[in-house]
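Visitor: Could you put the whole structure together from the sequences, leaning on the hints where they help?
Count along the sequence shown from 1, then add 148; that gives the number in my numbering.
Some hints could be false.
What follows is a set of in silico ranges between Cβ atoms, one per label pair, in the way DEER data are often shown [as the list claims (entries may be wrong)]: (1) Thr-195 x Leu-311: 43 to 53 angstroms; (2) Leu-302 x Thr-181: 15 to 25 angstroms; (3) Thr-200 x Thr-178: 49 to 59 angstroms.
In case anyone wonders, no lab produced these hints; they're calculated from the structure.
Ideal placement from N, C-alpha and C gives every residue a C-beta, glycine not left out.
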Amino acid sequence: MHTTTTTTTTTAAAAAATTSSTTTTTTTTTTTTTTTATTTTTTTTTTTTTTTTTTILLHYYYYYYYYYYYYYYYYYYYYYYYYYYHFYYYNYYFICYHHLLLLLLYYYYYYYYYYYYYYYYYYYYYFYYYTTTSTTTTTTTTTTTTTTTTTTILLLLLLLLFLCYQHHHHHLSQ
Numbered sequence: 149m150h151t152t153t154t155t156t157t158t159t160a161a162a163a164a165a166t167t168s169s170t171t172t173t174t175t176t177t178t179t180t181t182t183t184t185a186t187t188t189t190t191t192t193t194t195t196t197t198t199t200t201t202t203t204i205l206l207h208y209y210y211y212y213y214y215y216y217y218y219y220y221y222y223y224y225y226y227y228y229y230y231y232y233y234h235f236y237y238y239n240y241y242f243i244c245y246h247h248l249l250l251l252l253l254y255y256y257y258y259y260y261y262y263y264y265y266y267y268y269y270y271y272y273y274y275f276y277y278y279t280t281t282s283t284t285t286t287t288t289t290t291t292t293t294t295t296t297t298t299t300t301i302l303l304l305l306l307l308l309l310f311l312c313y314q315h316h317h318h319h320l321s322q
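Guide: If you want it as structure tokens, here you go:
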């Protein structure tokens, strides 16, 4: 008995249009050939494995959350300058006093903005490393068996019978 096994593996990857889903398909083909005196059996097994990985990017929520406070900071920035020139027009002494108050108000919202700026980066990287990933694997196996009967022994038997017939016929003719 002689057995020959051949294995071929092919892997293909494709990304979805949203770049949040990745599909990997692996196809493995195994061919086994068994030869005896009378038969040759070929078995082909094809296994296809499809793996789909989906990632939910939660950090995008905090990305826009950061931009909200970014423009929130600029709102108070120009708000401070508006009152600065407005009260400077009426009374210099009053603007000096009011300038101090609005300057403190401006710096308060300035650092308030930076606080949420780093707060955003904290959650950005936090959710970047802790994204939700789901993997689905589907495996399909197909087996095909082909058996072939050899005629070598039958031909040898026919040849042996023919030779016996010739030998017997030769003796009868003598």
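Visitor: Go ahead and decide if the range 43 to 53 angstroms is satisfied by the Cβ distance of Thr-195 to Leu-311.
Guide: Roughly 51 angstroms apart at Cβ, these two residues keep to the hinted range, so it holds.
Visitor: Do the Cβ positions of Thr-200 and Thr-178 conform to the proposed distance bound of 49 to 59 angstroms?
Guide: Violated - the Cβ-Cβ distance for Thr-200 and Thr-178, about 24 angstroms, lies outside 49 to 59 angstroms.
Visitor: Indicate whether the distance between the beta carbons of Leu-302 and Thr-181 respects the range 15 to 25 angstroms.
Guide: holds (22 angstroms)
Hint 3 alone, counting from the list given before, is not met by this structure.
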